[in-house]
Amino acid sequence: MLKPVLLICFGLVVGYFAGFGDAQDHSENLGARIIHRVGGDNRDRVSTDVDKQMEQVGKP
Numbered sequence: 004m005l006k007p008v009l010l011i012c013f014g015l016v017v018g019y020f021a022g023f024g025d026a027q028d029h030s031e032n033l034g035a036r037i038i039h040r041v042g043g044d045n046r047d048r049v050s051t052d053v054d055k056q057m058e059q060v061g062k063p
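The opening position of the sequence shown corresponds to residue 4 in this note's numbering, with each subsequent residue numbered one higher.
These are calculated hints, taken from the structure and not from any lab test.
Every residue gets a Cβ at the ideal spot worked out from N, C-alpha and C, and that includes glycine.
Any given hint might turn out to be false.
Derived Cβ-Cβ restraints for the label pairs, each shown as a range [as the list claims (entries may be wrong)]:
(1) F13 / V41: 27 to 33 Å
(2) L10 / E31: 27 to 33 Å
(3) L9 / Q59: 57 to 63 Å
(4) K6 / D28: 41 to 47 Å
(5) D25 / L5: 28 to 34 Å
All chains should be built: construct the whole structure from the sequences, respecting the hints.
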């Protein structure tokens, strides 16, 4: 029982320091950077602006 508890504590400590170092290096959080990297090239193809889509079709 002691070994899993120590592994969890060790993982938390390593994750905390890794996250702290990452926060010192970047102004945006990790989630925002991943979304920007993954969806950055395809954002102009995917649009949720219904008014703009209807204007392109020609309907008022």
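Checked hints:
At roughly 30 Å, the beta-carbon separation of F13 and V41 lies within the given 27 to 33 Å, and the hint holds. At roughly 31 Å, the beta carbons of L10 and E31 sit within the given window of 27 to 33 Å. Between L9 and Q59, the C-beta spacing of about 60 Å keeps the proposed range 57 to 63 Å intact. Evaluation of the 41 to 47 Å hint for K6 and D28 yields a failure: the beta carbon distance comes to about 33 Å.
Range check, D25 to L5: about 30 Å between beta-carbon atoms, so the 28 to 34 Å window is met.
Taken one by one, the earlier hints fail for this structure only at number 4.
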